[in-house]
Amino acid sequence: MMTVALWAAIAWGQDTMVDFGCTPSPIEGTVQHAIVQQAAATNAQLYGAAGFAERVLFPRMAHQTAHDGTGLVWATEVFALAGAAYVPSIERGPGCDQGVQQHRVDLFSSATGLAFGIGKTHFYYAGSLTGHMYARRVTSGFVPYAYGLGTAMAGPLVTVPVTYMDIGDPQGTSSLAGDYFLGLHTDAKWLTASAAFVGSTGGFAHVMGKPVRFFAAAAVGADASLEYARAGLDRQPISKEVGASSAFVRQLDLATQSPGGSPIGTTFQTAHVEQFDIAGMLDLHFAYSVRPTPQVHDVRVGLHTPVYGVGKQILDQGEGFYDFEELTEDGGLMNVPASLTIGQVTLPALPQYGTPGGSAISIQAEAFMVFPSSDSGGLLIAYTFKANDPETLAAFPYATDALAHHFTIQLF
Amino acid sequence: MQAGGRAVSIIGVIATAHGCIDQLKPLTPDDVCASAGYSVAARTMECQGDEATAVARYEAVQALPCRAEWPELNGGDEHLTCAVSLGALPCPTVEALGDDIEGWLAIEPSCGLVFGADASSTADTGSLP
Numbered sequence: 001m002m003t004v005a006l007w008a009a010i011a012w013g014q015d016t017m018v019d020f021g022c023t024p025s026p027i028e029g030t031v032q033h034a035i036v037q038q039a040a041a042t043n044a045q046l047y048g049a050a051g052f053a054e055r056v057l058f059p060r061m062a063h064q065t066a067h068d069g070t071g072l073v074w075a076t077e078v079f080a081l082a083g084a085a086y087v088p089s090i091e092r093g094p095g096c097d098q099g100v101q102q103h104r105v106d107l108f109s110s111a112t113g114l115a116f117g118i119g120k121t122h123f124y125y126a127g128s129l130t131g132h133m134y135a136r137r138v139t140s141g142f143v144p145y146a147y148g149l150g151t152a153m154a155g156p157l158v159t160v161p162v163t164y165m166d167i168g169d170p171q172g173t174s175s176l177a178g179d180y181f182l183g184l185h186t187d188a189k190w191l192t193a194s195a196a197f198v199g200s201t202g203g204f205a206h207v208m209g210k211p212v213r214f215f216a217a218a219a220v221g222a223d224a225s226l227e228y229a230r231a232g233l234d235r236q237p238i239s240k241e242v243g244a245s246s247a248f249v250r251q252l253d254l255a256t257q258s259p260g261g262s263p264i265g266t267t268f269q270t271a272h273v274e275q276f277d278i279a280g281m282l283d284l285h286f287a288y289s290v291r292p293t294p295q296v297h298d299v300r301v302g303l304h305t306p307v308y309g310v311g312k313q314i315l316d317q318g319e320g321f322y323d324f325e326e327l328t329e330d331g332g333l334m335n336v337p338a339s340l341t342i343g344q345v346t347l348p349a350l351p352q353y354g355t356p357g358g359s360a361i362s363i364q365a366e367a368f369m370v371f372p373s374s375d376s377g378g379l380l381i382a383y384t385f386k387a388n389d390p391e392t393l394a395a396f397p398y399a400t401d402a403l404a405h406h407f408t409i410q411l412f
Numbered sequence: 001m002q003a004g005g006r007a008v009s010i011i012g013v014i015a016t017a018h019g020c021i022d023q024l025k026p027l028t029p030d031d032v033c034a035s036a037g038y039s040v041a042a043r044t045m046e047c048q049g050d051e052a053t054a055v056a057r058y059e060a061v062q063a064l065p066c067r068a069e070w071p072e073l074n075g076g077d078e079h080l081t082c083a084v085s086l087g088a089l090p091c092p093t094v095e096a097l098g099d100d101i102e103g104w105l106a107i108e109p110s111c112g113l114v115f116g117a118d119a120s121s122t123a124d125t126g127s128l129p
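Top to bottom, those sequences are chains A and B. Quick note: the first sequence uses the numbering used here, first residue 1, plus one each step. Quick note: the second sequence uses the numbering used here, first residue 1, plus one each step.
Honestly, the hints are just simulated from the structure, not real lab data. Incorrect hints may appear among the rest.
[Unchecked claim] SDA-like, lysine to any residue: derived pairs with alpha carbons at most 20 Å apart:
no., chain 1, residue 1, chain 2, residue 2
1, B, Lys25, A, Ala216
2, B, Lys25, A, Thr16
3, A, Lys189, A, Gly119
4, A, Lys120, A, Thr23
5, B, Lys25, A, Met281
6, B, Lys25, A, Gly119
7, B, Lys25, A, Asp401
8, B, Lys25, A, Leu315
9, A, Lys120, A, Ala62
10, B, Lys25, A, Leu340
11, B, Lys25, A, Phe20
12, A, Lys240, A, Lys189
13, B, Lys25, A, Lys189
14, B, Lys25, A, Lys240
15, B, Lys25, A, Arg92
16, A, Lys240, A, Glu325
17, B, Lys25, A, Ala387
18, B, Lys25, A, Asp97
19, A, Lys240, A, Arg213
20, B, Lys25, A, Thr23
21, B, Lys25, A, Gly21
22, B, Lys25, A, Val301
23, B, Lys25, A, Tyr383
24, B, Lys25, A, Arg137
25, B, Lys25, A, Ala62
26, A, Lys189, A, Ala216
27, B, Lys25, A, Ile90
28, B, Lys25, A, Ala231
[As the list claims (entries may be wrong)] The calculated label-pair distances, taken between Cβ atoms and stated as ranges, are:
no., chain 1, residue 1, chain 2, residue 2, range
29, A, Gly93, B, Gly49, 36 to 44 Å
30, A, Ile342, B, Asp99, 39 to 47 Å
31, A, Val296, B, Asp99, 53 to 61 Å
32, B, Ala63, A, Ile342, 27 to 35 Å
Built from N, CA and C at the ideal position, the CB exists for glycine as well.
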């Protein structure tokens, strides 16, 4: 089955694939070439160890503390953004006659983390390998998973040394960066707090209030610059009928570089309101961008199976294992935790990032399964597919119509 | 073992799907003209740090008629010299040219291939108000 899909894909894309024997030689000095160099760094910042720890490890640690306070959390994930940019390039090589083309560039990230809790405190490690790659025939899609296996199996033995190495080819058609995160997470009466050393940038701090889920998060660079900041309310449960609400503001420093190699940046400020799980099936997302251009940024509607909402409750609050097990037991399509979100995302003109801006249709499909092993732990396997996802485009505004894949396995 | 095999199959299908979008796209005349505009915007941001001006200059370049053309498939690399050269203009030149888009294009001869040799004399929109 897999082989049939593979060959069908190859046949389908025959005219638009890199011929065997062709090697990209990107034309230096264009904006598209310059942004790819910075894209790899942004990818490392957002989808590397720090982002992974915040997104995945922190909630799992909090849930573990809430139940018995001791135990182990292990999680791994692979993120790939196929078609993050297209760069003018001359295809060279013996027998290669593809000439000048726009060559697809992919970003990838593979991260693995481990946390060990004693009482209300967890010690944790997260490590990542991130990078970019000019698309290669057939193999491109498998590279992120190969690195994912590396971070999962070898952990810090791979990620720590790679953090201090400069890996990539001289023409800039591929890169590999490592990062790691060593931290302490504590759960006090009114808040959870986390502080860590990040191998690539320096410090990191995160605080979230309880029981009202106010949060504030910031990443500070080695030069004391504020790389991003978010603050607000995160999925505060309201009622069974209305679901849960999020409202937050975010500032993101969109860094890039000019064709000459100098850093240039734009501040992207947005305000978000989200309502999840209305009547157990409906999600609404709205965001307005304040800077650089005031405009509606994100309007999306999501529909999901009722059991998806219960599964999210497990992942967000660490509760609902028994309900979930009961709901998924019967089988049938409506008992698969799955969601589909569709809407429109609008970006400002950012020509210095090689994008004219405008609106695009956003699609996100997600499916996952939790295999409970106790009333507070289990195994999670999840897959998410996104195209023109607002979060992804906020970080990579030139990545219109790129396909994002996210695959995670978590043991908690 | 069966679950492991299934997981490998799922990853295989996902990885294949990952490869299903175009690895190469032809370079079109419009791409070359847009690249020139991107370079003007990036250079403006770098030298003058003003985002609104950068966007306005990009839009002024985009308002010009795009006259790039090449007879065969897979051509156009020499046309990109315009974008590359504009992206490398020294900051004093960028500041001196300011909003004079015709001036930007006239200072770099390769831009004649992209916007036509007479771009500066025919484009009413080539200069910001």
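Quick rundown of the hints versus the structure:
1. B:Lys25 <-> A:Ala216: Since the Cα atoms of lysine 25 (chain B) and alanine 216 (chain A) sit roughly 42 Å apart, the hinted pair is violated (cutoff 20 Å).
2. B:Lys25 <-> A:Thr16: 7 Å, holds
3. A:Lys189 <-> A:Gly119: 13 Å, holds
4. A:Lys120 <-> A:Thr23: 53 Å, violated
5. B:Lys25 <-> A:Met281: Between lysine 25 (chain B) and methionine 281 (chain A) the Cα gap is close to 40 Å, so the pair fails against 20 Å, i.e. violated.
6. B:Lys25 <-> A:Gly119: 56 Å, violated
7. B:Lys25 <-> A:Asp401: At roughly 13 Å apart (the allowed maximum being 20 Å), aspartate 401 (chain A) and lysine 25 (chain B) satisfy the hint.
8. B:Lys25 <-> A:Leu315: With Cα atoms ~40 Å apart, lysine 25 (chain B) and leucine 315 (chain A) exceed 20 Å; violated.
9. A:Lys120 <-> A:Ala62: 9 Å, holds
10. B:Lys25 <-> A:Leu340: 29 Å, violated
11. B:Lys25 <-> A:Phe20: 16 Å, holds
12. A:Lys240 <-> A:Lys189: Outside the cut-off at roughly 26 Å; violated.
13. B:Lys25 <-> A:Lys189: It is violated: about 56 Å lies between the C-alpha atoms, which goes past 20 Å.
14. B:Lys25 <-> A:Lys240: 49 Å, violated
15. B:Lys25 <-> A:Arg92: Given that 20 Å is the threshold and the Cα spacing comes to 16 Å, the pair holds.
16. A:Lys240 <-> A:Glu325: 19 Å, holds
17. B:Lys25 <-> A:Ala387: Between lysine 25 (chain B) and alanine 387 (chain A) the Cα gap is close to 19 Å, so the pair holds against 20 Å.
18. B:Lys25 <-> A:Asp97: 14 Å, holds
19. A:Lys240 <-> A:Arg213: Between lysine 240 (chain A) and arginine 213 (chain A) the Cα gap is close to 17 Å, so the pair holds against 20 Å.
20. B:Lys25 <-> A:Thr23: 15 Å, holds
21. B:Lys25 <-> A:Gly21: 18 Å, holds
22. B:Lys25 <-> A:Val301: 32 Å, violated
23. B:Lys25 <-> A:Tyr383: It is violated: about 28 Å lies between the C-alpha atoms, which goes past 20 Å.
24. B:Lys25 <-> A:Arg137: 14 Å, holds
25. B:Lys25 <-> A:Ala62: 47 Å, violated
26. A:Lys189 <-> A:Ala216: Since the Cα atoms of lysine 189 (chain A) and alanine 216 (chain A) sit roughly 17 Å apart, the hinted pair holds (cutoff 20 Å).
27. B:Lys25 <-> A:Ile90: 12 Å, holds
28. B:Lys25 <-> A:Ala231: Cα-Cα ~40 Å, so violated.
29. A:Gly93 <-> B:Gly49: 36 to 44 Å: 41 Å, holds
30. A:Ile342 <-> B:Asp99: 39 to 47 Å: 41 Å, holds
31. A:Val296 <-> B:Asp99: 53 to 61 Å: 30 Å, violated
32. B:Ala63 <-> A:Ile342: 27 to 35 Å: Cβ of alanine 63 (chain B) to Cβ of isoleucine 342 (chain A): about 34 Å, so the range 27 to 35 Å holds.
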